[in-house]
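**Student:** Turn these sequences into a full structure, and let the hints guide you.
Protein chains: 4
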Amino acid sequence: MNIYSFICPVKPRDQHKTAQIFAATLLLVRENGLSGITMSEIAKAAKIATGTLYIYFENKETLINELFTECRKSSVAIYFEGYHAEMPFKEGFRIVWNNLLQFRIDHFEKAVFMDQCYHSPFITETTKELTKKMIHPLFKLVETGKAIKALKELDNLMLLTYMVGGINEYVKRSKYSAKKITKQDAMHLFNLCWDGIKA
Amino acid sequence: MNIYSFICPVKPRDQHKTAQIFAATLLLVRENGLSGITMSEIAKAAKIATGTLYIYFENKETLINELFTECRKSSVAIYFEGYHAEMPFKEGFRIVWNNLLQFRIDHFEKAVFMDQCYHSPFITETTKELTKKMIHPLFKLVETGKAIKALKELDNLMLLTYMVGGINEYVKRSKYSAKKITKQDAMHLFNLCWDGIKA
Amino acid sequence: MNIYSFICPVKPRDQHKTAQIFAATLLLVRENGLSGITMSEIAKAAKIATGTLYIYFENKETLINELFTECRKSSVAIYFEGYHAEMPFKEGFRIVWNNLLQFRIDHFEKAVFMDQCYHSPFITETTKELTKKMIHPLFKLVETGKAIKALKELDNLMLLTYMVGGINEYVKRSKYSAKKITKQDAMHLFNLCWDGIKA
Amino acid sequence: MNIYSFICPVKPRDQHKTAQIFAATLLLVRENGLSGITMSEIAKAAKIATGTLYIYFENKETLINELFTECRKSSVAIYFEGYHAEMPFKEGFRIVWNNLLQFRIDHFEKAVFMDQCYHSPFITETTKELTKKMIHPLFKLVETGKAIKALKELDNLMLLTYMVGGINEYVKRSKYSAKKITKQDAMHLFNLCWDGIKA
DNA sequence: TATGAATGAGTATTCATTCAT
DNA sequence: TATGAATGAATACTCATTCAT
Numbered sequence: 034m035n036i037y038s039f040i041c042p043v044k045p046r047d048q049h050k051t052a053q054i055f056a057a058t059l060l061l062v063r064e065n066g067l068s069g070i071t072m073s074e075i076a077k078a079a080k081i082a083t084g085t086l087y088i089y090f091e092n093k094e095t096l097i098n099e100l101f102t103e104c105r106k107s108s109v110a111i112y113f114e115g116y117h118a119e120m121p122f123k124e125g126f127r128i129v130w131n132n133l134l135q136f137r138i139d140h141f142e143k144a145v146f147m148d149q150c151y152h153s154p155f156i157t158e159t160t161k162e163l164t165k166k167m168i169h170p171l172f173k174l175v176e177t178g179k180a181i182k183a184l185k186e187l188d189n190l191m192l193l194t195y196m197v198g199g200i201n202e203y204v205k206r207s208k209y210s211a212k213k214i215t216k217q218d219a220m221h222l223f224n225l226c227w228d229g230i231k232a
Numbered sequence: 034m035n036i037y038s039f040i041c042p043v044k045p046r047d048q049h050k051t052a053q054i055f056a057a058t059l060l061l062v063r064e065n066g067l068s069g070i071t072m073s074e075i076a077k078a079a080k081i082a083t084g085t086l087y088i089y090f091e092n093k094e095t096l097i098n099e100l101f102t103e104c105r106k107s108s109v110a111i112y113f114e115g116y117h118a119e120m121p122f123k124e125g126f127r128i129v130w131n132n133l134l135q136f137r138i139d140h141f142e143k144a145v146f147m148d149q150c151y152h153s154p155f156i157t158e159t160t161k162e163l164t165k166k167m168i169h170p171l172f173k174l175v176e177t178g179k180a181i182k183a184l185k186e187l188d189n190l191m192l193l194t195y196m197v198g199g200i201n202e203y204v205k206r207s208k209y210s211a212k213k214i215t216k217q218d219a220m221h222l223f224n225l226c227w228d229g230i231k232a
Numbered sequence: 034m035n036i037y038s039f040i041c042p043v044k045p046r047d048q049h050k051t052a053q054i055f056a057a058t059l060l061l062v063r064e065n066g067l068s069g070i071t072m073s074e075i076a077k078a079a080k081i082a083t084g085t086l087y088i089y090f091e092n093k094e095t096l097i098n099e100l101f102t103e104c105r106k107s108s109v110a111i112y113f114e115g116y117h118a119e120m121p122f123k124e125g126f127r128i129v130w131n132n133l134l135q136f137r138i139d140h141f142e143k144a145v146f147m148d149q150c151y152h153s154p155f156i157t158e159t160t161k162e163l164t165k166k167m168i169h170p171l172f173k174l175v176e177t178g179k180a181i182k183a184l185k186e187l188d189n190l191m192l193l194t195y196m197v198g199g200i201n202e203y204v205k206r207s208k209y210s211a212k213k214i215t216k217q218d219a220m221h222l223f224n225l226c227w228d229g230i231k232a
Numbered sequence: 034m035n036i037y038s039f040i041c042p043v044k045p046r047d048q049h050k051t052a053q054i055f056a057a058t059l060l061l062v063r064e065n066g067l068s069g070i071t072m073s074e075i076a077k078a079a080k081i082a083t084g085t086l087y088i089y090f091e092n093k094e095t096l097i098n099e100l101f102t103e104c105r106k107s108s109v110a111i112y113f114e115g116y117h118a119e120m121p122f123k124e125g126f127r128i129v130w131n132n133l134l135q136f137r138i139d140h141f142e143k144a145v146f147m148d149q150c151y152h153s154p155f156i157t158e159t160t161k162e163l164t165k166k167m168i169h170p171l172f173k174l175v176e177t178g179k180a181i182k183a184l185k186e187l188d189n190l191m192l193l194t195y196m197v198g199g200i201n202e203y204v205k206r207s208k209y210s211a212k213k214i215t216k217q218d219a220m221h222l223f224n225l226c227w228d229g230i231k232a
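Protein chains in written order, with this note's numbering: chain A, 34 to 232; chain B, 34 to 232; chain C, 34 to 232; chain D, 34 to 232.
Hints listed in this document are in silico derivations from the structure and should not be mistaken for laboratory results.
Honestly, I wouldn't trust all of these hints.
Stated by the list, open to error - Which bits of chain B does chain A cover? Going by a derived footprint, with three or more residues having C-beta under 8 angstroms, they are:
1. 84 to 90
2. 116 to 129
Stated by the list, open to error - Only pairs whose alpha carbons sit at most 25 angstroms apart, straight line, appear in this in silico DSS-like list of lysine-lysine:
3. K216/A <-> K123/A
4. K185/D <-> K231/C
5. K165/D <-> K212/C
6. K208/C <-> K185/D
7. K185/B <-> K216/A
8. K212/D <-> K185/C
9. K161/B <-> K205/B
10. K93/D <-> K93/C
11. K179/B <-> K216/A
12. K106/C <-> K50/C
13. K179/A <-> K231/A
As the structure is a computational prediction, the values presented were derived from the model and not from experiment.
Positions of the beta carbon are idealized from the N, C-alpha and C atoms, including for glycine.
**Tutor:** Here's what the structure looks like:
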């Protein structure tokens, strides 16, 4: 019961429920893969009826695309947290790198989900396009690094994938073998990366 | 059940047809993901009847597990091609690194397939165990590198995932953007890796 | 259950809203057939909420049965408008015949709805019985015609269906081909009928 | 087992099964209307599995459209049986008229089905177009009748619908009241029609 | 009353698997 | 073996009906 109740006496579409559905889906995909989820399982895991799922999402494809977009958004939103352009480059780079790592650790299910989606028939071209645009700031960062001769003069994609790939793979393997990643692990890993890409 | 069963209890196999089926499956998974394939589509793509598929593989799970194992085997088999323990470490390492890269490029579908499988309900624990054993030689290599002080004194998994992750991600992104990887790209990428992990 | 229940056990009705619901249903059935309507569509077309529909009608079956009855009633009410037993038979017959035609033209949706209902699982036996009783006056009319030797001495049903069938079919086809029916068309059609049934 | 078996050892799509499915559908629609049928009921009534239905028809819409077309075809095929252009007009007309009546009697389910379809969302425009073309020969017949001054000089549609409408309605009501239509009934009905439309 | 979100049984459709040929 | 039609359980999705507000 909030102030809104006076204006709109009818229960509006529950924002919280969308979150529940997303969480349930991520959980299930992490456990059984994209090929192993059904709409009724998602509903059950989200503790709602199957029909309710379809109030919030037109169909399975839509659900997955919207979740994908939400994952992308939430990840990108975090990447530059604490970063300022005026920082010394390495310091700023380290912050972004750490954010990348931390996101993968804290939201492993999202990472798994996004990976699985890439080759799925669910993700539409539109969604893929959107995604590409979102990573743009990372390209900018690398570019800056090259401009001030802090990074090797190589293709952006190469520098970026090397930075990201190492993180992804390490987190993945760590999760699979149920190994916690310590502060020190993170530092070591950063050094591997930095030594590789620094000019 | 005939007399033959006692001599050859294993399902008889037209090697060529098995290959056809595997190829068809890989192609379809690359295009539509693991969640987008059906047994009848595989059969059609392999130019055989659905029923015939079941002569070669007991069921879908078996087919996928066997293909997974075959992918792992064929990749591992290539990793140490041209490598000799007596080589100078960096040279030997470069050969293995190149094999890894080349495999991902030449058999991208296999890489995609294996990635997709990891979180699928198809892959059995047995298959996962087997896989882990197969990568053992790579651990050995890294260990040797550390022993002779050629590589940083870090956790094997960390060194390895950093080596592999960069390759995987770079090949993936290149394929997605339909970008050819040149000899020079490969060399640059190797340097990124080597500068990162060398002692 | 409140004190009101004892006084007014029938569902209270906003007459206007009932009319809205009926009109919406007729419209939808004319456009998509009986198999193409849903309660929520009816509600939307009647500009009320789904839940409200259930305040006015216990369920779908009831709604359709009551609409059916209402259609029957409204049609029968019109048939003898302007007719008096003392008129010369042909004149009276022409008036009734014209009323039949006019009703089909003016309330085509009702005709379509009633046609569709006949083989539907919605209409109950009770409703069907009621309907039969209502057409009784038409039988009476035909009977009179035969008694005074104005009409052929044939089975009532045959005379009546011939009279009605021609009208129905003609209006139907005209509506389908978006053809207006003129005064003259009506006159010609009446002559066809009269020449057929007159003694 | 026929000669074909030697050439095509695999069971081909069973022509007979299509007929079974059609028959089952007609039966169910007659009993419960178009709105009362489900694919699984059709399958059960046709004594096949639900999945099998989809081997023969892509989906419900297709099934209904194809059945509709088949009904139209089979009816039109019968209309001119025994008719020759050289016959005296009334005799030829009577044959066609009788065929119309007989078809409605013998294949009442088809008539009911076609009636129900007209306002359903299943029937596509293409199917409707096809249908219109098929009735063309009847227009021709009426035209001839007018040319030789045997029939009233009225609009084709009017003459035709009056001829057809009377038959339809009479058969419908007879079936509903479980009344058999005798030879004599048919003759009387024909006279009603002929007296109405003759010049 | 009126609302429309929520429910879950029911419906269309798919797909792994079997089986007659 | 090889085939592909047949099967029916499982899945995506719908819709009559209920219920909290």
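**Student:** Work down the list of hints and note, for each, if the structure agrees.
**Tutor:** Verification of the supplied hints:
| no. | hint | in the structure |
| --- | --- | --- |
| 1 | 84 to 90 | violated (count 0) |
| 2 | 116 to 129 | violated (count 0) |
| 3 | K216/A <-> K123/A | holds (18 angstroms) |
| 4 | K185/D <-> K231/C | holds (17 angstroms) |
| 5 | K165/D <-> K212/C | holds (16 angstroms) |
| 6 | K208/C <-> K185/D | holds (23 angstroms) |
| 7 | K185/B <-> K216/A | holds (18 angstroms) |
| 8 | K212/D <-> K185/C | holds (20 angstroms) |
| 9 | K161/B <-> K205/B | holds (23 angstroms) |
| 10 | K93/D <-> K93/C | holds (23 angstroms) |
| 11 | K179/B <-> K216/A | holds (22 angstroms) |
| 12 | K106/C <-> K50/C | holds (19 angstroms) |
| 13 | K179/A <-> K231/A | holds (9 angstroms) |
Hints 1 and 2 from the list above are not met by this structure, while the remaining hints are.
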